[in-house]
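From just these sequences and the hints, can you work out the full model?
Each chain, written out:
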Amino acid sequence: MSVFSALLARDLRLALRQSADSLTVVAFFAIATVLFPFGVGPEANILARISGGVLWVTALLAALLSLDRVFTVDYEDGTLDQLVLSGAPLPLVVIAKVLAHWLTTGLALIIVSPLLAITLHLPMEGYAPLLLALFLGTPTVSLIGAVGAALVLGTRRGGVLLALLVLPLYIPVLIFGTAAVESAVTGISSDGPLLVLGGLAVLALTLCPWATSAALRQAVE
Amino acid sequence: MTGETNLSQTTTAGSFSGAGLACRRGGRLVFTGLNFKLTAGGALVLRGPNGSGKTTLLRVMAGLTPSAAGTMSWNDKVIDDPDAHARNLRLITHLDAIKPALTVSENLSFWMTLWNKPDDQRLQKALQAFDLSRLASYPARLLSAGQRHRLALARLLVAPAPLWLLDEPGNALDTASRDALARAILAHRAAGGMVIVASHEATFVSDGETLDLGLFTPKTVVHWSDDESVEAAE
Amino acid sequence: MHRFANPTQFMRIANAIFPWAAGLAVVLFVFGLPIALITSPADYQQGDTVRILYLHVPAAIMAELIYYAMAAGSAAFLIWRHPMANLVAKASAPMGAMFTALCLICGMLWGEPMWGTFWVWDARLTSTLIMFFFYLGYLALGDAFEDPERGDRASAILALVGVVNVPIIKFSVNWWNTLHQPASLSLTKSNMTGDMLLPLFLMLGAYSFFYLAVLIIRVRSELLAAKIRNARMSQIAGHEAAQPAE
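Just so you know, the sequences run in chain order A, B and C.
Each residue of the first sequence is one higher than the one before, counting from 24 in my numbering.
Each residue of the second sequence is one higher than the one before, counting from 2 in my numbering.
Each residue of the third sequence is one higher than the one before, counting from 24 in my numbering.
Possibly wrong hints are sitting among the right ones.
Unchecked claim - Calculated from the model, a selection of chain B residues having no Cβ within reach of chain C, i.e. all distances over 10 Å:
#1 V79
#2 D81
#3 L90
#4 P101
#5 P119
#6 Q125
#7 A177
#8 D180
#9 D208
Unchecked claim - Residues from chain B shown here face chain C by an in silico Cβ test under 10 Å; the list is partial:
#10 R25
#11 R26
#12 R29
#13 L65
#14 P67
Simulated from the structure, these hints should not be mistaken for lab results.
If you're wondering where the values come from, they're calculated on a predicted model, not measured in any experiment.
From the three backbone atoms N, C-alpha and C, an ideal C-beta is built for every residue, glycine too.
Spelled out as structure tokens, the structure:
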């Protein structure tokens with residue numbers, strides 16, 4: 024467990040020292056969301072209708088942008104070699120890295136999402152489900168993204184390739200995340216979609232670290 | 002430097018050997034039929050022209066790159082768990098794994114905690130051994146190439162491991178630092194540790210055995226069917 | 024299984040199969056296409072439009088089956104390190120992408136007269152579109168590495184990640200579809216009659232043997248490419264080794 028806590032502490036410390044990185048992701052989230060009123064017009068009822076989906080799509084894209092860096096830096100400076108040689112189970116190393124990533128970006132996205140929801144006129148009933156859905160869904164986003172980020176290590180066009188690999192896999196999270204918000208707004212219980220999001224998170228937590236480890240091992244070969 | 006013997010004490014000294022090793026990189030057989038054996042306190046120098054697979058062999062020995070054929074043994078037992086093997090070794094490559102945003106001592110203590118347990122006294126001794134004490138609180142991004150390399154080498158001393166795998170450790174080092182490395186290696190071996198160095202120079206291990214990788218380069222053009230025989234032997 | 028792991032053995036078997044596969048594919052296309060497109064009876068509801076389905080439905084089946092074949096090959100490659108299994112997976116991917124594209128195009132052409140629009144977010148069409156992106160991702164990743172062997176392992180892992188996600192995505196898309204369009208006309212709701220099954224199976228057979236024949240050609244050329252790469256690499260290595268050591 025010392026590997027887990029040491030790595031988590033180091034990554035959090037690094038994120039804190041380079042907090043501009045996290046802020047950039049949040050700023051991207053904001054600007055991408057703000058583009059939509061320009062695209063579809065400022066009518067409150069149209070924006071309210073699409074607000075849940077817009078926030079989810081932009082959150083996914085923001086998370087994706089930051090995921091590109093999860094392993095790249097460690098891969099390029101040789102840290103990844105040493106982490107594979109740490110003697111600890113590699114999935115545990117992966118979980119520590121993903122948790123650090125989620126704490127520094129996923130959580131930041133969740134915190135600013137209500138502010139952005141205001142600008143999109145999200146109805147009052149939508150806020151709680153939006154936050155809950157993001158809370159349950161973003162860990163899955165980080166876990167799946169880690170698989171992709173590990174797979175594209177050493178490729179010529181990492182970032183764009185990562186998007187192509189990972190975005191199709193985000194569709195279930197997007198469907199149920201948006202559904203949770205929309206159900207609540209239309210007066211239906213959002214328990215169902217939230218439950219599925221939780222299930223997806225558990226599934227991702229059990230499978231993704233293994234796939235990521237396999238990808239990291241072949242990356243350092 | 003009386004503390005050094007103390008620093009590099011090993012827990013499981015024994016032997017490390019490989020038999021019939023072969024490795025393929027990018028579809029090419031780099032070396033084949035390679036044997037080596039190292040016992041407690043021993044040293045091995047890897048030599049050979051560029052492309053003969055010195056770095057590759059070190060990565061095979063570390064368990065990062067799988068060999069296409071052959072086996073490696075630790076204390077005469079075949080290595081089948083790469084994680085258990087990894088706990089017995091330290092690998093130093095030209096990639097220094099240093100985070101520029103962390104200070105020198107933070108960089109070092111991270112690896113110390115990862116491998117062992119926090120121990121401030123040990124950390125100070127490791128810094129001292131490579132003349133980094135006065136830089137301890139500086140962010141690593143301020144270090145010169147040579148200082149960065151010394152910081153990477155200091156990792157060898159923060160947590161004990163019987164096997165050191167060093168890839169061109171002399172690069173970017175001044176004379177004083179080379180001496181420090183030579184002293185560290187000497188102390189490590191005196192305590193029963195093993196060292197494998199890929200290097201053009203013999204300054205670090207004067208009495209070590211030499212393995213010339215040029216001898217194991219496949220002479221003939223390798224066809225697909227020849228590759229298959231390598232895999233069949235696995 | 025080990026018999027197939029050896030390229031020489033594999034190619035011996037594949038070369039024996041190849042004339043049969045290619046021949047059957049030609050025969051089935053020659054007989055099947057006219058039956059499917061001209062002589063089979065028109066549907067009482069869909070009219071002649073139903074003929075598009077004889078191309079569309081088998082393509083959908085092939086798209087999915089080839090993805091599973093690709094995942095199986097990738098699993099065999101990762102677990103037993105059989106290079107041939109990987110070659111089969113790699114050679115299958117472009118074929119799978121082609122059948123998926125064919126399925127999508129036929130589906131759109133069928134949708135225009137039936138639904139009055141080229142694209143409807145029907146659950147099946149949407150799933151197929153996502154499958155198409157899976158294929159594109161697999162092809163793009165395999166091609167993105169300087170060292171071809173690196174790409175092999177990475178794409179094999181990706182194929183397995185994809186196959187785990189196929190049922191999840193299908194479930195999600197179905198759920199999403201019923202949420203938003205409770206009553207859409209599905210491609211398979213129309214009743215199948217015996218007259219329709221014949222062209223359907225003829226085309227499925229034609230597609231399958233076509234896949235098999237092209238697969239063998241592709242694996243063969245991959246083997247040759249690897250041979251050339253090896254020869255070239257050892258030439259470079261031999262040249263280097265001839266230089267005096269420093």
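Hints versus structure:
1. The claim that V79/B lies off the interface holds: its Cβ sits roughly 18 Å from the closest Cβ of chain C, which is beyond the 10 Å cut-off.
2. The beta carbon of D81/B is kept farther than 10 Å from every beta carbon of chain C, the shortest such distance being approximately 16 Å.
3. Under the 10 Å C-beta cut-off, the non-interface status given to L90/B relative to chain C holds; the minimum distance is some 24 Å.
4. No beta-carbon of chain C comes within 10 Å of the beta-carbon of P101/B; the shortest separation is about 27 Å.
5. For P119/B, the shortest C-beta to C-beta distance to chain C comes to about 36 Å, beyond the 10 Å cut-off, and the non-interface label holds.
6. The beta carbon of Q125/B sits about 39 Å from the closest Cβ of chain C, which is more than 10 Å, so the claim that it is off the interface holds.
7. Residue placement check: A177/B keeps its beta carbon more than 10 Å from all beta carbons of chain C (closest about 25 Å).
8. Distance check on D180/B: its Cβ is at least 23 Å (rounded) from any Cβ of chain C, clearing the 10 Å threshold; non-interface status holds.
9. Residue-level check passed: D208/B sits 21 Å from the nearest beta carbon of chain C, beyond 10 Å.
10. Against a cut-off of 10 Å between C-beta atoms, the interface hint on R25/B holds, since the closest Cβ of chain C lies about 8 Å away.
11. Of the supplied interface hints, the one on R26/B holds, with its beta-carbon coming within about 8 Å of a beta-carbon of chain C, less than 10 Å.
12. This hint holds: R29/B has a C-beta 3 Å from the nearest C-beta of chain C, less than the 10 Å allowed.
13. For the restraint placing L65/B at the interface with chain C, the shortest Cβ-Cβ distance is roughly 13 Å, beyond the 10 Å limit, so the hint is violated.
14. Hint on P67/B holds. Least Cβ distance to chain C is approximately 9 Å, under the 10 Å limit.
The structure shown violates just one earlier hint, number 13.
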